[in-house]
Amino acid sequence: MRETLWTLLALMSHWRRHPVNLATLILGLAIATALWSGVQALNAQARKSYDSAAAIFSGGGLQNLVAARGGLFTQELFVKLRRAGAKVSPALEGTARVGEKNIRLIGVEPVTLPRALTLVPLRETKEATNILTGEGRSFASAQTLRDLSLSEGARPKTQRGFILPPLVAIEKAPPGAIIVDIGVAQKTLDKPQRLSRLIVSGETRIDAATLAEVTGDALRVEEPDEANDLSRLTDSFHLNLTAFGLLAFLVGFFIVNASFGLAFEQRLPMVRTLRALGVSARALVASLVCELLVFTLVAGGIGVIGGYLIAAALLPDVAASLEGLYGAQLSGRLTLDARWWLSGLAMAGAGALLAAGSGLSKTLRLPVLSVARPIAWREAHHSYLRRQAALAALSLVAAALAYRAADGLVTGFLVIAFALLGAALLLPVALAVLLRIGESLARGPLVRWFFADGRQEIAGLSLALMALLLALATNIGVGGMVEGFRRTFTGWLDARLVAEIYYEAATPADAREIEEWTRGQRNIAAILPVWRAKTRLDDWPVDIVGMTPHETYSAHFPLLEGGDDAWRALHEEDAALISEQLARRLKVRLGDALDIPAPGENWRAKIVGVFPDYGNPKGQLRVDHERLARRFADASGVHYSLRVAPAAVAQVMAEMQTRFGPKIARIVDQAEVKKVSTDIFERTFTVTAALNTLTLIVSAIALFASLLTLSNLRLAQIAPVWAVGVTRRRLAGLELLRILLFSAGAALLAVPLGIFMTWGLVAIVNVAAFGWRLPMHVFPEQWAQVFVVALVTALVAAIAPATRLARSAPTDLLKVFANER
Amino acid sequence: MNAPSVLSSAAFVDAKPPAPLLRVVNLRKSYATPQGPLPVLRGVNLALEAGATLALMGESGCGKSTLLHLVGVLDHADGGEILLDSVDIARLSENARAALRRETIGVIFQQFNLIASLTVAENLAFQARLAGRLDPQWQEELTRRLGLKTLVSRYPEQLSGGQQQRVAVGRALAVRPKLLLADEPTGNLDEAAGDAMLALTLQLVEETGCAFLMVTHSARLAARLQRRVRLATGALTPS
Chain A
59 MRETLWTLLA
69 LMSHWRRHPV
79 NLATLILGLA
89 IATALWSGVQ
99 ALNAQARKSY
109 DSAAAIFSGG
119 GLQNLVAARG
129 GLFTQELFVK
139 LRRAGAKVSP
149 ALEGTARVGE
159 KNIRLIGVEP
169 VTLPRALTLV
179 PLRETKEATN
189 ILTGEGRSFA
199 SAQTLRDLSL
209 SEGARPKTQR
219 GFILPPLVAI
229 EKAPPGAIIV
239 DIGVAQKTLD
249 KPQRLSRLIV
259 SGETRIDAAT
269 LAEVTGDALR
279 VEEPDEANDL
289 SRLTDSFHLN
299 LTAFGLLAFL
309 VGFFIVNASF
319 GLAFEQRLPM
329 VRTLRALGVS
339 ARALVASLVC
349 ELLVFTLVAG
359 GIGVIGGYLI
369 AAALLPDVAA
379 SLEGLYGAQL
389 SGRLTLDARW
399 WLSGLAMAGA
409 GALLAAGSGL
419 SKTLRLPVLS
429 VARPIAWREA
439 HHSYLRRQAA
449 LAALSLVAAA
459 LAYRAADGLV
469 TGFLVIAFAL
479 LGAALLLPVA
489 LAVLLRIGES
499 LARGPLVRWF
509 FADGRQEIAG
519 LSLALMALLL
529 ALATNIGVGG
539 MVEGFRRTFT
549 GWLDARLVAE
559 IYYEAATPAD
569 AREIEEWTRG
579 QRNIAAILPV
589 WRAKTRLDDW
599 PVDIVGMTPH
609 ETYSAHFPLL
619 EGGDDAWRAL
629 HEEDAALISE
639 QLARRLKVRL
649 GDALDIPAPG
659 ENWRAKIVGV
669 FPDYGNPKGQ
679 LRVDHERLAR
689 RFADASGVHY
699 SLRVAPAAVA
709 QVMAEMQTRF
719 GPKIARIVDQ
729 AEVKKVSTDI
739 FERTFTVTAA
749 LNTLTLIVSA
759 IALFASLLTL
769 SNLRLAQIAP
779 VWAVGVTRRR
789 LAGLELLRIL
799 LFSAGAALLA
809 VPLGIFMTWG
819 LVAIVNVAAF
829 GWRLPMHVFP
839 EQWAQVFVVA
849 LVTALVAAIA
859 PATRLARSAP
869 TDLLKVFANE
879 R
Chain B
1422 MNAPSVLSSA
1432 AFVDAKPPAP
1442 LLRVVNLRKS
1452 YATPQGPLPV
1462 LRGVNLALEA
1472 GATLALMGES
1482 GCGKSTLLHL
1492 VGVLDHADGG
1502 EILLDSVDIA
1512 RLSENARAAL
1522 RRETIGVIFQ
1532 QFNLIASLTV
1542 AENLAFQARL
1552 AGRLDPQWQE
1562 ELTRRLGLKT
1572 LVSRYPEQLS
1582 GGQQQRVAVG
1592 RALAVRPKLL
1602 LADEPTGNLD
1612 EAAGDAMLAL
1622 TLQLVEETGC
1632 AFLMVTHSAR
1642 LAARLQRRVR
1652 LATGALTPS
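From first to last, the protein sequence lines are chains A and B.
Under the working numbering, the first residue of the first sequence carries the number 59, and numbering increases by one thereafter.
Under the working numbering, the first residue of the second sequence carries the number 1422, and numbering increases by one thereafter.
Looking at chain B on its own, in the form it has when it is part of the complex:
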């Protein structure tokens, strides 16, 4: 599939029907430093359709994770809009943001971020339980598909990095999110493990029909997704 035309800071890409699940409009973010505010995002525009996959690339420190955190309502933007299902989530209250993270968005972190005192099974089910949407059959299937059946009663410290990341993927997908975000999910894995994990994730994403936005610095992995964009000097450019 050919990549669509690049997003510019001034114009939006024409979304192919149906309307994009996610639209980022003129997003801005700076960090305070002793030398004054440091702009990281200078008016970013982005659109992502339901079921589509997009790789966000860029140099270290360019703001990829910042953009991901803003889209995942883990942080607050300085300006702009983030529309999810046409609702500007950047302006939601704290409780509404938490509800969104619980029920609509799944996040896979580079450092896995499993809860150390819960078993694999408990970690897998945790977000779905929080959202009140635990589906035992889907849970069972995820466990099997992710190769975790024999590990369900272990604790995260007893797993390898690859195994922990699979648990993190399972946890994020158990709630059947509309939007799945991944921040360098293969960063702590070797090449083979990373490839395998990504392949499995993309399979599951396709099955669930959620949109998938992945931050990566690997062009090889980014090529596996439908589209690629590059963040540089605070703006998105085609990759």
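Isolated chain A (complex conformation):
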């Protein structure tokens, strides 16, 4: 114990004399932990919100009964089940617009609500009475009230003009939801006598056979442990976020690895002395492990706090993306439990242990005197390069094998990960080979020394350069994907949003009235109703959209596959266009027949086209609107597009709003729809851009940390050259030039690696995650930018050590000869 304690104190005294090195090590570990735990915090917060939203009906392990084919069902089924003795409670969900926000409106019947649910206040007799009598009550979380800029007692008004009962804040309400009496919900959502689910009380359980006896095939049982749709739909989004967080952690891990490696190098003489003075190998390793623990606690603690701050900063963009893409509502306030904090610390500890592991094992294995001889370490480095080359080859082979097996998101990431790892491992080997070639071609002695010394320097810089390579490649890869997506998305939006005005009527009756008016307007060239219904295919939610035959679609609607005959077949036969992601999911192709679940009997439709549907997590089918109306009596017919002369758009919109007021639930022009869509797109990739930038900063710190730590060790290599007549300034300039060349080498390798990454993301990951495939784009101007970024990063990282060398006193260099070890 005493031996370990004094050894630990001696080891840690090294950091007292090298505080900057300590700071970079702590910073590296802290940043890596912060980026990882920040992403995990975002994911955890999202899942908490999804679970909270789902648990409102299935908390406590309750069964739910839902429409077998999705959508709503008649209240009569509830009555039938109650008469048959089933203890069920009705509920209706829908979306209402309050101010500028979409709110999930949930209608429940408090009297029959099962006790197991978390909506406890609604069970209290007083509140149950209040919700049913007088003005009634609306319940929402405090966060939702803040988001709506409303206070308790306020009566929110929907865009359709319905005024909800006074608000009461309750703790357990999910984010973005208002809970009201079911009658109020039915009126507000204009769904009279309609329900979205029946909650089965915990005292009874219903099986499929019993249900079929009473309700036929109208309903199905949804077990409490079925993953809710939202959680499933957003899985890919969160997995992508996690992958990015992991990449950022790895880059930060490289800093830590480099710092620990160089610290071992610097402390070699001390380790030799400690062993010579009688410190056993076991005590030495125990001390090193204790030192690691201290770093883990300090850096991990800072990192976890940093992760919380990063998550809090990115939460609004993530929440906006999730709302825009999936309709998910996230609580705006970050709340995390102890498990998240502990997992962040554990990650920091694992990273530190992995980083220090090789040094620890080297220390254990080498005999006392060999620790003293630098040649032993140098030989170890040569075999390290050979091992690295072998590992690089193995990684690239693994990438190829993963590609052959690639059938999902995880294997897609593995392909990219192995390729990145292989290229990173190859970098120092490639640089060493190039330097050897340079040395053999060099003429002057200083130039030869420049290359030979560079090979020596590679050893200490390899990890930092690998980190830089990964960061640059990620910039190119992800940047290429995002830019390609942006261009494709913009073109696709232009093709999809051809109509000049889009509106939604409050009710079907209002829709008919407005439609009749629009037919009489000279400025309106075409009226295109858009019917909508819901179903499920392969247990996946699918929207069915009915289209009218019009050249707006046949001339503009983008199809990935489909002959000239597609539009004719769509309107004259039982045919459908299918979205790309749904086609992949169902593994169907052009010409296949699809059995679409519909009320009554299934609708068999032939697939006549496949269309891109970027950003939609659900499946979509496009059919003829009349055929849709015949099959789905419930189909919503309140959405319309209008073709209007561009100059008349504002006038037509103003006139409609004035004339019909609340009968129009929403009305927007093409420009606004495009703007909203583009905003969602941009916000989605804001998180990516932020993580990209942070990763690059982390790699710059890695390079800086390595150079600073190396600068002391480098004196022994530089001093003899200075002694024979090369000025310090020239030597510093050569150091700077060497680092710039190394970074340029990393940037050059980053280009093909980044292109590969773009391809991997576009062709494998995005397809597996979202179901759609983007065209592959490359952007040479981005490569030039990345090249400049690499050089600037190197310059920023190397300028301080180089300046220090240029200004070092002759005595510093002379000491190398006086006390050479």
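These are computed hints drawn from the structure, not numbers from a lab.
Take these hints with a grain of salt, some might be off.
A short, non-exhaustive set of chain A residues, derived as facing chain B with CB atoms under 7 Å [stated by the list, open to error]:
1) Arg60
2) Glu61
3) Ser71
4) Met328
5) Thr331
6) Gly336
7) Ser338
8) Val426
9) Arg717
10) Phe718
11) Pro720
In this text, a Cβ means the ideal position worked out from N, Cα and C, and glycines have one as well.
Once you've looked at the hints, dock chain B against the given chain A.
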């Protein structure tokens, strides 16, 4: 004092009573080279009594430091025995060897081998602290006798070579070792500094009563010790 008769590879010197603190018996050591094993020590025998001083001399590369490292349990022999207080230390476990280096043996290296990030005071006390035998009074006296009082808060890089070597001597003696080993301790010092340092070391050795084995190539310095032996072609001969 006359030097005793030389050690031969076949016979031991009769130890004057009391029994020798250190006995090396038929010690062998080779190094692996691409051309095959290179024998450095070919059956070395040596005895050293408590309180005695012995100079080990020889040409560069003859194996003097190797012998010292083996006696200091810093390296492993290929064969033979090293008996310290009648215990064969060549066969001890790794932990026992470390404990021996900590508590019983003091080593002064040619390159000083101070811990760069500890101050002079911390370096001086380090081995004694490791061994759990820090004696503040003895520490204080060593500091004073070695002329380090005004330097205690400096770091090794701020000292001259002679000053650093004095710290190394102080560190080794602070633990009051039974056996003090020195590998060319004056190799990096000028003649005057080396003489002064050796004189001081011998004084302190006498006071502590430890045995002192010093490797040197200087006949002048070796003459200051009680006995001298020469290592050549892997064996000891009288000097």
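Hints, one by one, checked against the model:
Hint on Arg60/A holds. Least Cβ distance to chain B is approximately 5 Å, under the 7 Å limit. Interface restraint check: Glu61/A against chain B, minimum CB-CB distance 6 Å, threshold 7 Å, status holds. For Ser71/A, the interface hint holds, the least distance from its beta-carbon to any beta-carbon of chain B being 4 Å, beneath 7 Å. The beta carbon of Met328/A comes within 5 Å of a beta carbon in chain B, closer than 7 Å, and the hint placing it at the interface holds.
Nearest Cβ of chain B to the Cβ of Thr331/A: about 5 Å, under the 7 Å cut. The hint holds. Hint status for Gly336/A relative to chain B: holds, with the closest Cβ pair at about 3 Å, below 7 Å. About 4 Å separates the beta-carbon of Ser338/A from the nearest beta-carbon of chain B, less than 7 Å, and the hint is met. About 5 Å separates the beta-carbon of Val426/A from the nearest beta-carbon of chain B, less than 7 Å, and the hint is met.
Violation of the interface hint for Arg717/A is found here, the shortest Cβ-Cβ separation to chain B being roughly 84 Å, above the 7 Å cut-off. At a threshold of 7 Å, the smallest CB-CB gap from Phe718/A to chain B is about 81 Å, leaving the interface hint violated. Of the supplied interface hints, the one on Pro720/A is violated, with its beta-carbon coming no nearer than about 77 Å to a beta-carbon of chain B, more than 7 Å.
Consistency note: the structure conflicts with the earlier hints numbered 9, 10 and 11.
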